[in-house]
Amino acid sequence: EVTLGELEATMRGFQKEKSPGPDGWTIEFYLAFFDLLGQDLLRVINHCNGSGKIPSAIKATFIALIPKSDKPASYD
-12 EVTLGELEAT
-2 MRGFQKEKSP
8 GPDGWTIEFY
18 LAFFDLLGQD
28 LLRVINHCNG
38 SGKIPSAIKA
48 TFIALIPKSD
58 KPASYD
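Here my numbering is used: position 19 in the sequence shown is 6, and no number is missing along the way.
Heads up, a few of these hints could be off.
[Unchecked claim] SDA-like mimics (lysine to any residue), calculated; alpha carbons at most 25 Å apart, straight line:
#: 1; residue 1: K46; residue 2: S56
#: 2; residue 1: K5; residue 2: K55
#: 3; residue 1: K40; residue 2: T(-10)
#: 4; residue 1: K46; residue 2: P7
#: 5; residue 1: K3; residue 2: D22
Because the hints were derived from the structure by calculation, they are not lab data.
All chains should be modelled from the sequences, with the hints used to inform the complete structure.
As structure tokens, then:
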């Protein structure tokens, strides 16, 4: 079972200033409100670990192509 301290330490090790997840929240948001969200996040993580299942809503992703040049001719 994961402890609250382990969860917070792990989250503090995540890379900052990255794109938000499907929920629109960044790691900075979760860390800023960890005192309010930590117990709920911990319950979800321990439930997933205990059941061996991750709800599909948590596994949702969105991939977008972002061109790196001003006027891309192709996406190759």
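Results for each hint:
A C-alpha spacing of about 31 Å is found between K46 and S56, which places the hinted pair above 25 Å, so the restraint is violated. A distance of roughly 17 Å separates the Cα atoms of K5 and K55; the hinted pair therefore holds under the 25 Å criterion. Straight-line distance between C-alpha atoms of K40 and T(-10) comes to about 19 Å, which keeps the hinted pair within the 25 Å bound. Taken as a hint, the K46 and P7 pair is honoured in the structure, with Cα atoms around 14 Å apart against an allowance of 25 Å.
Our distance criterion of 25 Å between C-alpha atoms is met by K3 and D22, whose separation comes to about 19 Å.
The structure does not agree with numbered hint 1 stated previously, though it agrees with all others.
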